[in-house]
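What follows is each chain in one-letter form.
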Amino acid sequence: MTKDILFYALSALAIWSGWRVFRVDSMIRATFALMVSFIAVGGIALLMSADYIGVATVFMMAVEMMVMGLFMVMFMMNPAGLNPMQMVHQYRFSIGAGIAAFVGLTVAILTTPLPDNPLPPGGDTLRDLGFELLGNSMLIFETAGVTLLATMVGAVVLSSASGRFGSAGQGSVPPGLTAGGPPAGRTAEDGKGHGGHAGHGMSMQKKPAMQAHDDHGKGH
Amino acid sequence: METILTLAGIFALTLVFVVGLRAAGWSDFAGPSTAPQQRPVLGGGDPQTHAWQRFHARYYTMTLLFVAFEMEMMFMYPWAVIYVAEGGKALAEMGMFLAILSVGILYGWREGIFKWE
Amino acid sequence: MTLLTVLGMLVFLCTSVWLAVALDTACRGWISGQGADRADGPLRTAALWLTQQRLTTEAPDRMNALLSIAGYMALALTGLALVPLGPDTALIALPTSVVLWGACEALVVVVVFLHGWSPNAPLAMIGAYRYVAIGLPIMLLSMFVLIAAALPAQSLDLRDIVTSQADVWNLIRQPLGLPLFLLLGLSLTLRGPFDYADSADLAGGTSVEASGPDRLGWQIARLAMLTEFSAMAATVFLGGYLGPVLPGPLWIALKTLLVMTLVIGLSHLAARMPVSRMMSLIWMILLPLSFADLIWAGLVAL
Amino acid sequence: MTLTAILIVAAALFGIGLFGALSQKSFVMLMMGLELMLNGTLLATVGFWAYSLGGLPKGQLLAILIMAVMAVELAIGFALVVAVYRKRQADVIESIKTLKN
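Quick note, the sequences are listed as chains F, D, W and S, same order. What the first sequence shows, in our numbering, is residues 860 to 1079, in sequence order. What the second sequence shows, in our numbering, is residues 475 to 591, in sequence order. What the third sequence shows, in our numbering, is residues 163 to 464, in sequence order. What the fourth sequence shows, in our numbering, is residues 525 to 625, in sequence order.
This is chain F alone, in the form it adopts within the complex (with noise of 0.2 Å):
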């Protein structure tokens, strides 16, 4: 009883506070909103006996949510919501599209017959997905912790402002061939041949004249 209690109040929770998000004016309080949404899908996890998930998935959302609560710092004009406005398009699409996901989904729930036999509590679940994890799916642990090192490097080559190479916004010149000389390597074309993005990782070939255009970004 008390279950069933706890369940629909943070079910009530996650979609409120989910709802929420889309809502607010503050960014950051967008960005929270979300957060509490994932704690309480936290809660109810908890509930079903996944002690594990339920805990881990309040642990990495909250850092998560800090995370993307810089970026809309960063990112949005109007981070405070100090002057609402609407930043959105296809809105009665959007909506359309929400609901019949959501009627959809609940029909195709409705309708299937779903078993009922909840987990019982005191299960060590944490000691048989570690035995799992150095198992049968090992091979699966590994992978994530490569796609893991991909995640990273890739980060950095997309986002680092200022690389070996000194600043992404200057792009970067190879050493001469010549001490002093011009720069080595293929020189891009006019208009043409200018086909890297601002990681200096794929822009060693350019000339520092082409950059004239690239020049106004956050760096200066």
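Source of the hints: derived by calculation from the structure; they are not laboratory data. Hints are not guaranteed to be accurate.
[To be verified] Think about it this way: if two alpha-carbon atoms lie no more than 20 Å apart in a straight line, the pair counts; the simulated EDC-like pairs of lysine to aspartate or glutamate are:
1) S/K582 with F/D884
2) S/K582 with D/E567
3) S/K582 with D/E560
4) S/K549 with F/D884
5) S/K549 with S/E597
6) D/K563 with F/E1001
7) F/K862 with D/E476
8) S/K549 with F/E1001
9) F/K862 with F/D975
10) S/K582 with F/D987
Since the model is a prediction, treat every value here as computed from it, not as a measurement.
Guided by the hints, dock chains D, W and S onto chain F, whose structure is given.
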């Protein structure tokens, strides 16, 4: 279930604490603060804008690296529980996993993302 | 029984908050050579803050101002509820209590940021941004040393971690653990060299605009967090409630006060660093040290 | 508290997330919509794990992988936003007609 009830109880208690402090202080009888009192502290200067502005947090690349690296914790917690049972195999696997991720940190350091630019 | 435990913990919390202020002022007096404060100094300050007018800035985020103080306090109390007082006595008995404490650490960054965000003031905002830069990566240290402590216990339950120290404390078994954990404590409680949020160079940082009861609430929450952190360190590294003759709860109380003294002393004696250098230090030196702690613990546990 | 109820909550979260992801102009808000959709997916996964798989470890692993997907999405997504912003000072989707050049 008891956990969630306890946590809810704790949060309720602290809300009561904060609201109670405000109620217990006489401050709220002093009326609302005046406009000069509402100026933010700025060493005597007047702010030209709200503090809630776009802000370039110079360490943002570090936070992205952190989010990706921190994910490894999710795998380490279950690993810690069965470590003694699995022995050397567990040590080797986690060593490999951490070594892979450390490459990412080294790369980030090489690119200078821990500098406050 | 549970009610009695809760009451006992609250009494202990109040005592240790008062003791922490007294120690803090004594330390400051000793270092600056100005002599000690009066014994009732903390209470007078508290009364002063309580009766002061509560000023707000123009257009603050009122909800978050309230929630950040309450949240910080709630995180401290949650951690305290996780600390085992006996073989089976912990207010929150969860098999993954170490993970829950990790979640509390992560949320501390969020509430401190919100506290700096809410007054809409430049210095408070800077404190908040700076804190995120340090508060996030330093969490990694705590995660690694806690996982290292969980290895011999074969469990993420703090109660099991305490029982696993029946023969030898983790302090001796994993000598790197406590020092690294203490650094995290400085950051969590916004103290000394890791005080990038509320430091004097920002005229008070995130709490620069907090006045009256709000300031009192925030400071009490910080000290509650200090108590909580000390209790956690005592549990994980100093054997928690284990000890001869005296009853368990008394042992954990004594060890908590010991760690608290250590943290306060450290916060006055250690040197501050620029944020950027601290960030590099955490990632490039302290993080490898915590790896070393983990490997050490792993080899010892086998 | 039945599996049906849990899945309906998950569907509601997914629907709200879809609405957000489709309607928001700003990149960052778009990502919040995606995260909310993943939140619903996570809830459904844990629900299935607890109610029909009898606590099969692979179910938990799937939940962890969903969280890893969130982390990867967040890190790479924001890195792309930074790269695009640095290139053309844009943070709304309409400004990006093409990812070429």
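Task: Hint check, failures only - done: 1 and 8
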